[in-house]
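Assemble the complex: chain A is given as a structure, and chain B must be docked to it using the hints.
Number of protein chains: 2
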Amino acid sequence: MYIDLSKEELGALKTVLEKEYETFKSKGLKLDMSRGKPCNEQLALSDSMLNMDLGDYKSESGFDCRNYGLPDGIDEAKRIFADMLDVGTDELILGGNASLSLIYDIVTWAKCFGVSEKDEPWNAQTKVLCPVPGYDRHFTILEKFGIEMLCIPLSRSGPDMNLVEKLTAEDENVKGIICVPMYSNPDGFTYSDETVRRLSAMKTAAEDFRIFWDNAYCVHHLCDTPDTLLNITSECKKAGNPDRAYVFASTSKITFAGGGICALASSAANINYIRKQISVQTICFDKLNQLRHVKFFGNFAGITEHMKKHRKIIEPKFNLVCGILERELAPHGLGDWNKPRGGYFISFNGLNNTAKRVVALCREAGVVLTGAGATFPYGKDPDDKNIRIAPTFPPENELKSAMEIFCASVRLASAEALLA
Amino acid sequence: MYIDLSKEELGALKTVLEKEYETFKSKGLKLDMSRGKPCNEQLALSDSMLNMDLGDYKSESGFDCRNYGLPDGIDEAKRIFADMLDVGTDELILGGNASLSLIYDIVTWAKCFGVSEKDEPWNAQTKVLCPVPGYDRHFTILEKFGIEMLCIPLSRSGPDMNLVEKLTAEDENVKGIICVPMYSNPDGFTYSDETVRRLSAMKTAAEDFRIFWDNAYCVHHLCDTPDTLLNITSECKKAGNPDRAYVFASTSKITFAGGGICALASSAANINYIRKQISVQTICFDKLNQLRHVKFFGNFAGITEHMKKHRKIIEPKFNLVCGILERELAPHGLGDWNKPRGGYFISFNGLNNTAKRVVALCREAGVVLTGAGATFPYGKDPDDKNIRIAPTFPPENELKSAMEIFCASVRLASAEALLA
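Chains A and B, in that order, give the protein sequences.
Here the numbering used here is used: the first residue of the first sequence is 1, the next is one more, and so on.
Here the numbering used here is used: the first residue of the second sequence is 1, the next is one more, and so on.
So here's chain A without its partners, still in its complex pose:
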C-alpha cells in the first residue's frame, strides 16, 4: 500500500514509476477512450437494419412514412418504447435521433415558457439537483441556461435522499433533478425502490418541480440477474404527482449511435403539452428510421434479445478493465471502482488530487480519457479523484494497452500526490 510508505520509499518508488511510464509513453500509442461509443462489432449487429425491406413504407395505420406528418411518431414504434418504459402509448412521444436533444428541448421550454400551460418560465434563480458523479452532457445543458447545479452525493442505492428531500422542500427555486437512474453514468448504480418512491412522493417547494430521468441504459445489462428499476411514471402517479417525471430512452446504444430513435415518457398531460411544443419546431421526425427499427426488432422482446448480443461483445471488455485494475492497483491501495452490472462505464476513484494528473499523463502517452472533472457540474470534482473509463469502443488488445498506461499513470500520479 502506497500510503504506508515513507517519504524516502515514495521518492525512490517515484523514480521507478517515472521510468515505467516513460517506457509506456515511448510506445507511441494513439487510443481514444473519451466517450462511451459502441465498437464496430456492436454496430455490425444492426447492419441489416440499413437495408431492410420496408414494404410499402406505410405504418400499420396506413400512413406513408416517407411523407410529412405524425409528429408523435408511428404507433408501432411507440409501442416498443412504451413496453420498454412500461407506460401507455398516450404517455409517450417519439423524438429524433437523440434523447439528449429532447432533454435540451424540455429545459429550453422550461426556461422560455414554463413546464406546463399554467406554469411560469423557470426563473434566473433556478437550481437543479445533480447526483454526482453524473453525465457531463446533462451538466453542459444546465450550465448553458445558467441553471445552478447542486451536487448530491450518489451511493449504490441512489442520491442522498435526505439531502434531496431537504433541498426540494426548503427552496422553491430547486426546480428539478437530473439523473441516470439505472446503471448510472458513470458508476453503474441502479436506484433502489425506496429512492424511486421517495423521489416520486417527496414534497417540493416548487410546484413545477421535474425529474429528468435519463433511462439510457434500461436494457443494457451485463449480468445474468439484471437490476430492476421501479417505474417512476406510475410511482409519481400513485403519489399524486403525475406530472413530475420525464423519462428518456433511445436506441443510440442499441442500434446506431446517432442513427437511432428516441422517446420520452411522461404523464399524458405533459405529453400533450410537449406535443404542442414540438409541433412549433418541426413537422415530424424521421418516420422511416422508426419504421426501420420496427421492422428490425418486431417488438420489445426483439430488443431484449438483441441486447444479449451486445453483452456478449462488451462484457469481456469490462472484465478485462476490472481485472487489470484489480491486478495493478488494488494491491497498492490506489483507488476503488465498481464492476458494473450494466451500462457503459467504469467509474474509477483514485487518491484525492490525482485525477487531472492521471488524465494528463495518459494523454501524453497517447490515451485520451474523458476529462477529469467531467463527471461533476462545472467540470469541478472537489476531490479531483473521479475518472470515467469507457471500455466499449477499443478492441481488447488496445484496451489492454490503454489500461496498462492508465495504471502506470495512476501509480505515478499517486506517488506524486502522496509526496506533495
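Because the hints were derived from the structure by calculation, they are not lab data.
Glycine residues also receive a C-beta, built at the ideal position from the N, C-alpha and C atoms.
Hints are supplied without guarantee of correctness; some may be wrong.
Computed, partial: chain B to chain A, Cβ under 10 angstroms [stated by the list, open to error]:
| id | residue |
| --- | --- |
| 1 | P38 |
| 2 | I103 |
| 3 | I141 |
| 4 | K144 |
| 5 | F256 |
| 6 | S279 |
Cβ-Cβ distance ranges computed for the label pairs, FRET-style [as the list claims (entries may be wrong)]:
| id | chain 1 | residue 1 | chain 2 | residue 2 | range |
| --- | --- | --- | --- | --- | --- |
| 7 | B | A201 | A | D83 | 52 to 62 angstroms |
| 8 | A | G302 | B | E172 | 49 to 59 angstroms |
| 9 | B | G55 | A | P331 | 40 to 50 angstroms |
| 10 | B | E117 | A | A169 | 34 to 44 angstroms |
| 11 | A | K339 | B | S279 | 27 to 37 angstroms |
What follows is chain B alone, placed relative to chain A:
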C-alpha cells in the same frame, strides 16, 4: 364579371350557385390539400435510396457513420449543400431532418443567448419583418417566442424594400426578417438582384439584425428557364455585413418529407458559434442518412437531375389548377393568381372578405385547404382574401374534383360578399 352585376342579378345568381355547390357537396369527397406534401410518385423517385449499399458505412474521411461524432455532418454531404447554396464548406453545417428545426433553434438561441458571443439575447420588444403572404410555420415560431411580426407587402421583386429599409433603420428592436426568397411560399416570387443587394447592404439600427433566408425551393423549378437568386451570403460579405444572413435548405421536398437532411449556410463566424450551440444539444445528427443521400446523388448535379423528374410529375398538376382557375373564375373577375415558375404553391387572392368563407365551404364539401389567414402573421389576413393552394399531393383526378369544388365555393362566397 360579378362586380358588374346588380343586386337582383347577384341574388338570382347566388341561388344558382348554392344549388351548384350543394351538388358538389353531395358527392361526399374527402381530399386534403392543406399542406405542401409530395405525392406518392415523387416519393417513389427516391425509394432506392432506402436500400442503398452503404459500403463500410464510412465517410470519405474514414469516419464510421454508424457511430457518434461529427456534429457538423460528413464532408461529402456538406459539399453537396455547399454547391447548392454556393458557399464554402466552412460556411455550412448540416442539421437533422428539418430546416424548420434549425430556424427554431436559431430563434431560441437569439432569444436565450444572443446571435453571437458578443450580442445580448433578443429582448422582449424584438420585432421581425415578415413579407406577406408568407409561410405559416415561420410565423408560428416567432409568435411562440412573443416576437412581434411586422407585415411587409411582397411583390414580384420581393418585399417592399423602402418599407424594410425604413423600419430597420429607425427601430433598433427590428432584429430580423424571415422569408422564402426563391419561389416564395405561397406566391412563387423570386427576389430580384436589387432586393437581395438592398437587404444585404441596408443600414440596420440593430447591430444583431439577421436575415432568415429559407431557401427551401432553390432547386424546385417548374420551367425551362429557372429563376435565379443572388447569393445573399456573398452579397452580405461584399456589403460589409458578413454575419447578417442565415440560409436554410433541405432535401425534404427532394427525397423524403421528414426523412431528408438539412443544412444551414452563413458566415464562418456564425457557423462557429452555431456549432458550439449545437454541441450542447446533441452529439451528432444522423450521419447514416447523410451517407445515404451522398450515395444516392453523388453530387449536386445529381440533385439537379433528380429535380427534373419531380418537375415532370408535378408541373401537370400546377397546369391543371391554373387551367381550372382560368376557365372557372377568370371570366367572372373572381380573384387573381400566379402560375409559379417553381416552388410548391399557387397563391390565390379572391375578392376581399371571401377567403375564410371559401375555406369553410370547401371543408364542408370535403376539401381541406390551408386555413384562410395562415399565410399572414397571427393568422390575420387583413383583407381576408389569400388562400394557399397546394397542388402536389392529390392525384390529378382528385385535384380536378377539389378545384371544381374550390371554384364553386369561390363563386358562391364572392356572390355572398358582393351582396353583403
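Is it true that the C-beta distance of B:E117 to A:A169 lies inside 34 to 44 angstroms, as the hint says?
-> 39 angstroms, holds
When you take the CB atoms of A:K339 and B:S279, is the distance between them in 27 to 37 angstroms?
-> 32 angstroms, holds
Satisfaction of the B:I103 interface hint, Cβ to chain A closer than 10 angstroms = 9 angstroms, holds
Agreement of hint B:S279 with chain A interface, Cβ distance less than 10 angstroms | 8 angstroms, holds
Interface hint status, B:P38 versus chain A (Cβ within 10 angstroms) = 7 angstroms, holds
Against chain A, run the beta carbon of B:K144 and see if the smallest gap drops under 10 angstroms.
-> 5 angstroms, holds
Range hint compliance [Cβ, B:A201 to A:D83, 52 to 62 angstroms] = 58 angstroms, holds
At the C-beta level, are A:G302 and B:E172 separated by a distance inside 49 to 59 angstroms?
-> 58 angstroms, holds
Is the interface hint for B:F256 satisfied, with its Cβ closer than 10 angstroms to some Cβ of chain A?
-> B:F256 check passes; min Cβ-Cβ to chain A is 5 angstroms, inside 10 angstroms.
Hint says 40 to 50 angstroms; check whether the CB-CB distance for B:G55 and A:P331 agrees.
-> 48 angstroms, holds
Would the hint on B:I141 stand, with a C-beta cut-off of 10 angstroms toward chain A?
-> Since chain A brings a Cβ to about 6 angstroms from B:I141, closer than 10 angstroms, the hint holds.
Against the hints set out earlier in the document, no violation occurs for any number.
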